[in-house]
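Chemist: Order-wise, the sequence lines are chains D and B. Taking the numbering used here, I'd label the letters of the first sequence as residues 382 to 597. Taking the numbering used here, I'd label the letters of the second sequence as residues 96 to 175.
Bear in mind the hints are in silico, worked out from the structure with no lab data behind them. Don't take each hint at face value.
Some chain B residues near chain D, calculated using beta-carbon distances under 7 Å [as the list claims (entries may be wrong)]:
#1 G107
#2 I108
#3 A150
#4 V154
#5 A157
#6 L158
Yeah, the Cβ is synthetic: ideal placement off N, Cα and C, and Gly gets one too.
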Amino acid sequence: MSDQLHANPDSDTPPVPGEGVESATEAAEPTPERSTGPEAAPEGGTPPAAQSATGTQASQLSQLEGEGDVAADFLEDLLDIADLDGDIDLDVDNGRAAVSIVGGDLGVLVGPGGAVLEALQELTRLAVLRETGERSRLMLDVAGHRAARRAALEQEAAEAAARVRGSGEPLRLAPMTPFERKVVHDAVAAAGLRSESEGEEPERRVVVLPAADEGP
Amino acid sequence: MLAEALEHLVRGIVANPDEVTVRTKQLRRGELLEVRVHPDDLGRVIGRSGRTATAIRTVVGALAGSGGARIDFVDVDRRR
Chain D
382 MSDQLHANPD
392 SDTPPVPGEG
402 VESATEAAEP
412 TPERSTGPEA
422 APEGGTPPAA
432 QSATGTQASQ
442 LSQLEGEGDV
452 AADFLEDLLD
462 IADLDGDIDL
472 DVDNGRAAVS
482 IVGGDLGVLV
492 GPGGAVLEAL
502 QELTRLAVLR
512 ETGERSRLML
522 DVAGHRAARR
532 AALEQEAAEA
542 AARVRGSGEP
552 LRLAPMTPFE
562 RKVVHDAVAA
572 AGLRSESEGE
582 EPERRVVVLP
592 AADEGP
Chain B
96 MLAEALEHLV
106 RGIVANPDEV
116 TVRTKQLRRG
126 ELLEVRVHPD
136 DLGRVIGRSG
146 RTATAIRTVV
156 GALAGSGGAR
166 IDFVDVDRRR
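Kindly produce the complete structure, drawing on both the sequences and the hints.
Modeler: Right under this line is the structure:
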């Protein structure tokens, strides 16, 4: 059962022309367990520009809102049981449901290196799968951890891109989680360079590549 | 609280939530949480390569604090 479920999110997503290097390089990689990572799924989901039918968009939006509602119920009950104070914010971002637990003193749900956050996201996605029958790619954040991490990584990626541009040599970054690599790939692309991932989890890391056809 | 949190997490992801039970056993080395699910759901709580069981242990372990938590997913079929 799990194989089929895991295979779907990748196969049912058409490659998006002009979406950038990230989707092409990541999608081309064959490592099986990578298909379960959030990064492996179609980056950015379905871009609004490619959606001609607004009806499709509306139904996709309501599906993502439904995912958020299921996730919120699941997480609110957990907060109650654990006697943690937190509010749930729901949003839709880049074709994914975005679920944030906000409040003070939630560090226990983030954990060292965000490990607890990743685990809780995994379980929340499974809870949504159970309720909706659809695999969810929802993103969970706790106490702004991902947002802060994203800002730091974007900075790091910009600096790496600048170095690679100067040296013309590929630069291997430290091992990162799928979420972190996705942020770096996007930031490197925004800086006009290409990147790819190499190695196996949990040692998988981003390599920033020099531009292939560096114009004058 | 730990047993209740564990039960909530497991009930949330299985097909037969009413057949989830969690028992707390006091051992010399601390508390052991024993989870029983419908046999058809065992694969769901373990997950591929134990991924889901690991996620459950991570979250419950965090809630447990410094002492951590020991969780056993009991294979009901096997023990019968």
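Chemist: Against each hint, give a clear statement of whether it holds in the structure.
Modeler: Hints, verified against the model:
1. G107: holds, 4 Å
2. I108: holds, 4 Å
3. A150: holds, 4 Å
4. V154: Status holds, d = 5 Å.
5. A157: holds, 4 Å
6. L158: Holds, about 5 Å.
In summary, the structure agrees with every hint in the numbered list given earlier.
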